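Number of protein chains: 2
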Amino acid sequence: MNMHELTRELHVRNDSKIVMLVADGLGGLPLEPGGKTELETARTPNLDELARRGVSGGSIPVKPGITPGSGPGHLGLFGYDPLEFRIGRGALEATGIGFELGEHDVAARGNFCTLDAAGKISDRRAGRISSEESAPLAVRLRQVKIPGVEVFVEPVKEHRFVVVFRAAGLKGDLHDTDPQATGVPPLQPKASKPGSERTAEVTAEFVVQAQRLLAGEKKANGLTLRGFSARPHLASYDEVYGLKAAAIAVYPMYKGLARLVGMQIVGKAQTLAEQIDVLEQHWKQFDFFFIHFKYTDSTGEDGTFDAKVKKIEELDAAIPRLTRLKPDVLIVTGDHSTPSFLKSHSWHPVPTVLVAPACRTDGCQVFSESESLRGGLGQFEAKYLMSLALANAGRLGKFGA
Amino acid sequence: MNMHELTRELHVRNDSKIVMLVADGLGGLPLEPGGKTELETARTPNLDELARRGVSGGSIPVKPGITPGSGPGHLGLFGYDPLEFRIGRGALEATGIGFELGEHDVAARGNFCTLDAAGKISDRRAGRISSEESAPLAVRLRQVKIPGVEVFVEPVKEHRFVVVFRAAGLKGDLHDTDPQATGVPPLQPKASKPGSERTAEVTAEFVVQAQRLLAGEKKANGLTLRGFSARPHLASYDEVYGLKAAAIAVYPMYKGLARLVGMQIVGKAQTLAEQIDVLEQHWKQFDFFFIHFKYTDSTGEDGTFDAKVKKIEELDAAIPRLTRLKPDVLIVTGDHSTPSFLKSHSWHPVPTVLVAPACRTDGCQVFSESESLRGGLGQFEAKYLMSLALANAGRLGKFGA
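One line per chain: the protein sequences are A and B, in this order. The opening position of the first sequence corresponds to residue 1 in this note's numbering, with each subsequent residue numbered one higher. The opening position of the second sequence corresponds to residue 1 in this note's numbering, with each subsequent residue numbered one higher.
It should be emphasised that the hints constitute simulated quantities derived from the structure, not laboratory data. None of the values given here were measured: they were computed from a predicted structure. Please note that a few of the clues may not be correct.
One copy or any two copies: either way a pair holds, since identical chains are not told apart in the list.
Stated by the list, open to error - Simulated crosslink set (EDC-like; lysine to aspartate or glutamate; CA at most 20 Å straight-line):
id, residue 1, residue 2
1, Lys63, Glu381
2, Lys398, Asp302
3, Lys36, Asp362
4, Lys63, Glu84
5, Lys63, Asp81
6, Lys398, Glu84
7, Lys398, Glu301
8, Lys398, Asp81
9, Lys63, Glu9
10, Lys343, Asp328
11, Lys326, Glu32
Please put together the full structure from these sequences, using the hints given.
Listed below in structure tokens is the structure:
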């Protein structure tokens, strides 16, 4: 019996409001051993106040030592075991650019590459072609016509694009055509499981026409495809938790992830202040609000310690507007750590605080990596955060008599 | 490989004694944020001494955020994964009133209800009929005769009763007959899985005769049945741990749960002092003793903070008699929290202490919710307590060479 079977069975509905503020890549590292992390360096009087009023802990995104991408990171926070619910790269990439995958879609991530005269790959990333050069090529590939199949091609960044095939009966079980090597031609599309043969044919036809359309190009005269995947089937927040949920995010990736679990995307906010405007405007209509703050991650990825500190202080300044709404449960967390020391996502537990009337406070005085070690939530897998949220909202009945 | 596969393989027998003192609903909450819990308010010099000599931690009864009933709460402490071993409501209810379920029994929880002239339910709980009025009705239902089947009917509280059918070949996979609504008649008994058709027939016959016996009643002229369940099959303490185990409990529910895992019920104690008398009297005959103290839960359920504090102090006062017996492993824990603030069971981790020569002490100075956060057991799922107990008793061999 897994957590969703439990919450499906035990959830009750009431008028409580739950707010989950996700500061992407929140956790960090000091620049030198024994130093302070970005969060510990930042002046965060409001987050510290939450730590005093709430219960803290460290959220392990997947399992100890496992660094997640945005997909598994958010699925975990949303309570979907990231090891059980895997989103294929094609579907995630489509989601990330805001492409709404339908029931009959198969998505793949495409890379432009350079082919030599013999049709062998000489550069797997088409000379790191710029987005400006590659986007028109992706648009050009929309000329491909396959009878009975709708074809969508969307530019991503640099040599990357997304292709989506839409037709009843298509399945996503295909081997990559990217041989992960130079000096060999792209692989022929091939089903990895019975039932995907038709998708392999469609893909082969797409590749033939696409090569023709790219024939004259110097850098990007070829392509490889990988991460074929259909739309993932995730039960909705309403089904598994009995929550009418809203997502308030700026970037397409996070809106897409929220949409996959049945959250409604509300507002068109571009800043954190605007996101909270949207929250206020929709306060009455939803039970659960996911608010995504991107910049703690991007500054971490850039390796700019001071910039990340500033973004954390910006986040802190927004807290009073949240608490003024008096949510029954307020959670501040992150989908993973992104220490500027590493300039990348990492595996470290993410400082997390949950504030609710019956949360059992733990004596934590500040919101930080070190203090959360002493917190009442202990170190926990992110996937348990939603059952804690529901319990604290009075939305979970007793298990067994 | 689950814990029982491990302990079955690894356990060894020796002369050690393990005592597990379960203070039901032990964990609590402060009445106001930042205040003290019941346990932190109580004067507990003896429990604090155990915390100094032992290793502390917080026991998560099932999973984070999940509030257990007594059944899953105790199964967890006994080392039976409460998500794997589920006890049906009928079996648990029978257990709770001390009815010893046999191999060929199917139990269901019955509710008296009020039917209108058309046979539709007008009150699902028979006007919350008192125990005094309903008990004779339950006894009257013993007049039902079904060829080849022994029928037992036992009053519970108010509108509730338990019915047990005993005959070889009966199975417990039946849908509830309670439609969970008024204005409709009770549902026909129906098998939910192949193999339970005979039980459905037996139940239908019981209902027909029972309705006839209740026909003249004003309030309780009908009945619904739910939670059909056969006796759960749990491997015994002797099989999975190599322990000859005794249960010293006052209330039928806890005796029943202990019996399900093969513990022997000893003594007829009515007070904690008498329970310890029984412990002393049986000290030589068993390896493991489960002692159940009810009143930390009942005072919590009543929402009487001060009364719970007193009950904890009463528990504390009994500790010296336990330590005088010099158990090799002494554990004090609870099956769940019952904060008087919530007047109900809750999901919060339960302060737990284990004292044994090789327990690796952790610097904890008092026995409390906050202090146990710093304890050497960390936060752990209750189901791991038994392997810790066995290890500390020198009763678990090495896993792998």
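Evaluated hints:
Proximity of Lys63 to Glu381 under the C-alpha cut-off of 20 Å is found in both arrangements, the shortest distances being 7 Å within a copy and 11 Å between copies. With identical chains, the CA atoms of Lys398 and Asp302 are at most 20 Å apart between copies only, with a shortest distance of 17 Å across copies and 46 Å within one. Proximity of Lys36 and Asp362 under a CA criterion of 20 Å is satisfied inter-copy only: 11 Å between copies versus 22 Å inside one chain copy. In this assembly of identical chains, Lys63 and Glu84 lie within 20 Å of each other by CA distance both inside one copy and across copies; the values are 13 Å within and 18 Å between.
Taking identical chains as interchangeable, the C-alpha atoms of Lys63 and Asp81 lie at most 20 Å apart whether they share a chain (10 Å) or sit on different chains (14 Å). In this assembly of identical chains, the alpha carbons of Lys398 and Glu84 lie at most 20 Å apart only when taken from different copies (16 Å versus 25 Å within one copy). Proximity of Lys398 to Glu301 under the C-alpha cut-off of 20 Å is restricted to the inter-copy arrangement: shortest distance 14 Å between copies versus 43 Å within a copy. For the identical chains of this complex, Lys398 and Asp81 are inter-copy neighbours only, at 16 Å across copies versus 22 Å inside a copy, given an alpha-carbon limit of 20 Å.
Within a single copy, Lys63 and Glu9 get their C-alpha atoms only as close as 26 Å, which misses the 20 Å cut-off; across copies the closest is 15 Å, which meets it. Taking the closest pair of Cα atoms, Lys343 and Asp328 come within 20 Å of each other only across two copies (19 Å); inside a single copy the shortest separation is 36 Å, beyond that limit. With identical chains, the CA atoms of Lys326 and Glu32 are at most 20 Å apart between copies only, with a shortest distance of 17 Å across copies and 39 Å within one.
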